[in-house]
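Q: As a plain string of letters, each chain reads:
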Amino acid sequence: MRRISISTPKSLDALGRVIAITRRARVQLVDMVVVSEDSLYRVHMKVEGPHDEVQWLVSKLDKLPEVLRIDEGDIDINY
Amino acid sequence: MFFNVGGNFGARTGDSKRVVDKLAEIFKTYGVKHVLGIPGGSIMALYDALYGQDIDVILFRHEQGAIHAAEGYARVTGRPAVVAVTSGPGAANIVTGLADAYMDSTPLVAITGQVATNIFGRDGFQETDIPGVVMPITKFVYQVRKPAEATTAFKVAYEISVLGRPGPTLIDLPRDIQLSIAPDYEERIQINREKFIPPPDLEKLKTAAKYLIEAKRPVLLVGGGVLWSGATPEVLELSKILYAPIVSTLPGKTAVPHDFPLYMGPAGMHGRAEADAALANADVILAVGTRFSDRTWGRFKELQEAVRSGRVKLIHIDIDRSEIGKNVKPTVDIVSDAKEALRRLIDFLDMAPRASQRYLTWLLEIRRKYEEVMAKIADSTPGFHPWKALKVLRRAAPRDTITVTGVGSHQMWTEIAWDVYEPGSYITSAGLGTMGFCVPAALGAKLAARNKPVLCIDGDGSFQMTMNNLALVRDYDLPIVVVIFDNRALQLVKQWQIYLYQRRIIATEFSKRPDFLKIAEAYDIDAVKPETYDQLESVVARALRNNEPLVVDMTIDSESDIVLPWVKPGDWLTSAVLPKGMDVKLVYEED
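From first to last, the protein sequence lines are chains A and B.
Residues 1 to 79 in our numbering are what the first sequence spells out, letter by letter.
Residues 1001 to 1591 in our numbering are what the second sequence spells out, letter by letter.
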């Protein structure tokens, strides 16, 4: 299982775009948390699937201009 | 109160400019010369702001026409055109074109009107959540919620459309926002631009250079990204240095002049046999600006296994990181602009290459046999044969003619048999395969380059989907020449019915209606139904030379119109079905 953490502007449209990409990925979305901050949404996902498919998702998400930052890594239980 | 759209309908000058007036000013600073579309209730304010301005409004007969014209315009100029349509049906009618532009990496900016913000979500007249609809098929979409965001949204949409890998963008402008008094400040829209043009990894380029020098059968696979990047000179230089054949995808066909002797043509479902053979038998493939479409490769299993085992070294250069490894994991992955990466790669080629001349000779022999067989088939076919008709049309058209196609069998014939001489002068709907593309895209191309001849090679099915836009030929003096390959069928689907569905022909044959000559007459355009190749050549040559519009209805016998070579869906490139009498194998045998 992998963790994907994303920052977007605080806009539901940006969030909608993130979800639109994620629903096409060949991974299982195990968990998703959206944390609202002053001007940002921080989206934390846990995904399960083959490494290449997780990478596909990360790189497709990173294409969105609204994705200001994206990190992928091992599961951090403290997110 | 509930239906009060608010705003100031009248203000156009003085201190209190409306948001739309500010937008019209910004259009000019961005060099926008045309706005393409159809007005309606929710976009009237923007059109009103264009009244009397130095921006031409081009009124189409259907919004799909406007969006495809914007694609044609962008492919010629490299710059996005602006499309403005109303909410609801107006916005929904551009969805196909947005998807088409997204698939073929074409920049454009669409502006959709929207109902006033105070009736959002109440199912107001002509309300559609267009940002929600187009999210997966646009590079950037933004619904303006505050007057101060409008000009920023346009600037961001325009810039993003051409930054890195090009693509369509859309801003949705509610009616009350358009009519609001423009504030004297601009709201910031947060996006990350920095990631779009990554520098190439030099160490990976050195590795790629080593593989290319050591290759016996190197092949350059050119995608549409080469054209957008302006990397054609680098591709040709590399080909000469390495003695490597160039193969293209369908969108990449326009990036390489076809009279370059090492260009083999496009590979894939209806590619050229020598191109299929070149790709399938290569030991090193340098793929540039391409997304590894199933249409180019048939299937990926053979390539994946060959790369995994090390038999084939695959080098993939693309500006879009998400394309790397999407379908085939390369040996060397380089995320970069094509031109910059190839320029540096050439610098690293410091030893003599080892490419096999015999391989090239073999590929050129496949080409010779195909041309020989097709000439015989065409000569024995009653009436016009598409392959020969294209040869005749190519003779009739000046070298710099911009050629646009529709989608169908005629398009596949152009993939095989149409020679492109100037990079960027062949425009087609490749990724989405949108019937109806030709006429409006040709109009957009002509709008962008009035001094160049524009030829639309269409099919009868494709033509009928957007022929209403022919009205613009006279309205805006856009003299395009349309040649309809008229087989009265959805021929490519019919071909599949014949060969894959045991000839169960259903819903692919048209009646004789409409009469295309009368359609042309209705739009005040000369039309002709030629009877010989000589007549075809002379009427088209004259119209293109004299910059006169013309519709040519060229009758093709549906039963003879089988597009070959054909790599059937899910087959590997070497399984291509070849025309009868072409007795060659596409598997290379070493000495």
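There may be inaccurate statements among the hints.
Said to hold, decoys possible - Below 27 Å or equal to it, Euclidean Cα-Cα: the simulated BS3-like pairs (lysine-lysine) are:
{"#": "1", "chain 1": "A", "residue 1": "K60", "chain 2": "A", "residue 2": "K10"}
{"#": "2", "chain 1": "B", "residue 1": "K1529", "chain 2": "B", "residue 2": "K1391"}
{"#": "3", "chain 1": "B", "residue 1": "K1204", "chain 2": "B", "residue 2": "K1301"}
{"#": "4", "chain 1": "B", "residue 1": "K1391", "chain 2": "B", "residue 2": "K1376"}
{"#": "5", "chain 1": "B", "residue 1": "K1391", "chain 2": "B", "residue 2": "K1195"}
{"#": "6", "chain 1": "A", "residue 1": "K10", "chain 2": "B", "residue 2": "K1155"}
{"#": "7", "chain 1": "B", "residue 1": "K1216", "chain 2": "B", "residue 2": "K1195"}
{"#": "8", "chain 1": "A", "residue 1": "K63", "chain 2": "B", "residue 2": "K1326"}
{"#": "9", "chain 1": "B", "residue 1": "K1216", "chain 2": "B", "residue 2": "K1022"}
{"#": "10", "chain 1": "A", "residue 1": "K10", "chain 2": "B", "residue 2": "K1568"}
{"#": "11", "chain 1": "B", "residue 1": "K1028", "chain 2": "B", "residue 2": "K1155"}
{"#": "12", "chain 1": "A", "residue 1": "K60", "chain 2": "B", "residue 2": "K1326"}
{"#": "13", "chain 1": "B", "residue 1": "K1216", "chain 2": "B", "residue 2": "K1585"}
{"#": "14", "chain 1": "B", "residue 1": "K1301", "chain 2": "B", "residue 2": "K1216"}
{"#": "15", "chain 1": "B", "residue 1": "K1195", "chain 2": "A", "residue 2": "K63"}
{"#": "16", "chain 1": "B", "residue 1": "K1376", "chain 2": "B", "residue 2": "K1585"}
{"#": "17", "chain 1": "B", "residue 1": "K1326", "chain 2": "B", "residue 2": "K1568"}
{"#": "18", "chain 1": "B", "residue 1": "K1204", "chain 2": "A", "residue 2": "K60"}
{"#": "19", "chain 1": "B", "residue 1": "K1376", "chain 2": "B", "residue 2": "K1580"}
{"#": "20", "chain 1": "B", "residue 1": "K1512", "chain 2": "B", "residue 2": "K1529"}
{"#": "21", "chain 1": "B", "residue 1": "K1301", "chain 2": "B", "residue 2": "K1326"}
{"#": "22", "chain 1": "B", "residue 1": "K1326", "chain 2": "A", "residue 2": "K46"}
{"#": "23", "chain 1": "A", "residue 1": "K10", "chain 2": "A", "residue 2": "K63"}
{"#": "24", "chain 1": "B", "residue 1": "K1329", "chain 2": "A", "residue 2": "K46"}
{"#": "25", "chain 1": "A", "residue 1": "K63", "chain 2": "B", "residue 2": "K1155"}
{"#": "26", "chain 1": "A", "residue 1": "K60", "chain 2": "B", "residue 2": "K1391"}
{"#": "27", "chain 1": "B", "residue 1": "K1369", "chain 2": "B", "residue 2": "K1391"}
{"#": "28", "chain 1": "B", "residue 1": "K1155", "chain 2": "A", "residue 2": "K60"}
{"#": "29", "chain 1": "A", "residue 1": "K10", "chain 2": "B", "residue 2": "K1529"}
{"#": "30", "chain 1": "B", "residue 1": "K1216", "chain 2": "B", "residue 2": "K1376"}
{"#": "31", "chain 1": "A", "residue 1": "K60", "chain 2": "B", "residue 2": "K1329"}
{"#": "32", "chain 1": "A", "residue 1": "K60", "chain 2": "B", "residue 2": "K1369"}
{"#": "33", "chain 1": "B", "residue 1": "K1195", "chain 2": "A", "residue 2": "K46"}
{"#": "34", "chain 1": "B", "residue 1": "K1204", "chain 2": "A", "residue 2": "K63"}
{"#": "35", "chain 1": "B", "residue 1": "K1146", "chain 2": "A", "residue 2": "K63"}
{"#": "36", "chain 1": "A", "residue 1": "K63", "chain 2": "B", "residue 2": "K1329"}
As the list claims (entries may be wrong) - Chain A is faced by these chain B residues, among others (derived, beta-carbon under 10 Å):
{"#": "37", "residue": "Y1142"}
{"#": "38", "residue": "G1325"}
{"#": "39", "residue": "Y1588"}
Just so you know, the hints here were simulated from the structure itself, not pulled from any lab data.
None of the values given here were measured: they were computed from a predicted structure.
Ideal placement from N, C-alpha and C gives every residue a C-beta, glycine not left out.
Q: For every hint, state whether the structure bears it out.
A: The hints, checked one at a time:
Taken as a hint, the K60 (chain A) and K10 (chain A) pair is honoured in the structure, with Cα atoms around 20 Å apart against an allowance of 27 Å. Annotation: proposed proximity of K1529 (chain B) to K1391 (chain B) holds, straight-line Cα distance about 18 Å (limit 27 Å). About 25 Å separates the Cα atoms of K1204 (chain B) and K1301 (chain B), which keeps this hinted pair within 27 Å; it holds. A hinted pair counts as satisfied when its Cα atoms are at most 27 Å apart, and K1391 (chain B) with K1376 (chain B) qualifies at roughly 14 Å.
Taken as a hint, the K1391 (chain B) and K1195 (chain B) pair is broken in the structure, with Cα atoms around 44 Å apart against an allowance of 27 Å. Simply put, K10 (chain A) and K1155 (chain B) have alpha-carbon atoms about 20 Å apart, close enough for the 27 Å limit, and the pair holds. As the CA atoms of K1216 (chain B) and K1195 (chain B) are separated by approximately 36 Å, the hinted pair breaks the 27 Å bound. Proposed proximity of K63 (chain A) and K1326 (chain B) is supported: the alpha carbons are some 14 Å apart, at most 27 Å.
Note on K1216 (chain B) and K1022 (chain B): the hinted pairing is violated, with a Cα-Cα distance of about 60 Å set against a maximum of 27 Å. Using a Cα cut-off of 27 Å, the hinted pair K10 (chain A) and K1568 (chain B) is violated, with the two alpha carbons roughly 47 Å apart. In summary, the hint linking K1028 (chain B) to K1155 (chain B) is supported, as the alpha carbons are separated by about 12 Å, within the 27 Å threshold. A threshold of 27 Å between alpha carbons decides the hint, and for K60 (chain A) with K1326 (chain B) the separation of about 10 Å falls inside it, so the pair holds.
Restraint check for K1216 (chain B) and K1585 (chain B): the C-alpha separation of about 20 Å stays at or below 27 Å, so the hint holds. Of the pairs offered as hints, the one joining K1301 (chain B) and K1216 (chain B) holds, with about 22 Å between alpha carbons and a cut-off of 27 Å not exceeded. Simply put, K1195 (chain B) and K63 (chain A) have alpha-carbon atoms about 8 Å apart, close enough for the 27 Å limit, and the pair holds. With a C-alpha separation of about 20 Å, the suggested pair K1376 (chain B) and K1585 (chain B) falls inside the 27 Å cut-off, and the hint holds.
With a C-alpha separation of about 22 Å, the suggested pair K1326 (chain B) and K1568 (chain B) falls inside the 27 Å cut-off, and the hint holds. Restraint check for K1204 (chain B) and K60 (chain A): satisfied, since their Cα atoms lie roughly 22 Å apart, inside the 27 Å limit. At most 27 Å may separate the alpha-carbon atoms for a hinted pair to count; K1376 (chain B) and K1580 (chain B) meet this at roughly 10 Å. For the suggested pair K1512 (chain B) and K1529 (chain B), the alpha carbons sit about 14 Å apart, so the restraint of at most 27 Å is met.
Taken as a hint, the K1301 (chain B) and K1326 (chain B) pair is honoured in the structure, with Cα atoms around 13 Å apart against an allowance of 27 Å. Straight-line distance between C-alpha atoms of K1326 (chain B) and K46 (chain A) comes to about 21 Å, which keeps the hinted pair within the 27 Å bound. Taking the CA atoms of K10 (chain A) and K63 (chain A), the gap is about 18 Å. The hint holds against a cut of 27 Å. For the proposed pair K1329 (chain B) and K46 (chain A), the alpha carbon gap of about 24 Å is at most 27 Å, so the pair holds.
Pair hint K63 (chain A) plus K1155 (chain B) holds up; C-alpha atoms about 19 Å apart against a cutoff of 27 Å. A threshold of 27 Å between alpha carbons decides the hint, and for K60 (chain A) with K1391 (chain B) the separation of about 42 Å lies outside it, so the pair is violated. As the CA atoms of K1369 (chain B) and K1391 (chain B) are separated by approximately 17 Å, the hinted pair is consistent with the 27 Å bound. Between K1155 (chain B) and K60 (chain A) the CA atoms are separated by roughly 23 Å; this keeps the pair inside 27 Å, and the hint holds.
Proposed proximity of K10 (chain A) and K1529 (chain B) is contradicted: the alpha carbons are some 60 Å apart, above 27 Å. Proximity of K1216 (chain B) to K1376 (chain B) is assessed by CA-CA distance (about 35 Å); at most 27 Å being required, the pair is judged violated. At most 27 Å may separate the alpha-carbon atoms for a hinted pair to count; K60 (chain A) and K1329 (chain B) meet this at roughly 16 Å. Annotation: proposed proximity of K60 (chain A) to K1369 (chain B) is violated, straight-line Cα distance about 43 Å (limit 27 Å).
Taking the CA atoms of K1195 (chain B) and K46 (chain A), the gap is about 24 Å. The hint holds against a cut of 27 Å. For the given pair, K1204 (chain B) sits about 22 Å from K63 (chain A) by alpha-carbon distance, which is consistent with the 27 Å threshold. The suggested pairing of K1146 (chain B) with K63 (chain A) holds, with an alpha-carbon distance near 26 Å, which does not exceed 27 Å. With a C-alpha separation of about 19 Å, the suggested pairing of K63 (chain A) with K1329 (chain B) holds against the 27 Å cut-off.
Taking 10 Å as the C-beta contact cut-off toward chain A, the hint placing Y1142 (chain B) at the interface holds, the least distance being around 7 Å. Checking G1325 (chain B) against chain A: minimum C-beta separation of about 6 Å stays under 10 Å; hint holds. Violation of the interface hint for Y1588 (chain B) is found here, the shortest Cβ-Cβ separation to chain A being roughly 30 Å, above the 10 Å cut-off.
Violation of the numbered hints given earlier is confined to hints 5, 7, 9, 10, 26, 29, 30, 32, 39; the remaining hints are satisfied by the structure.
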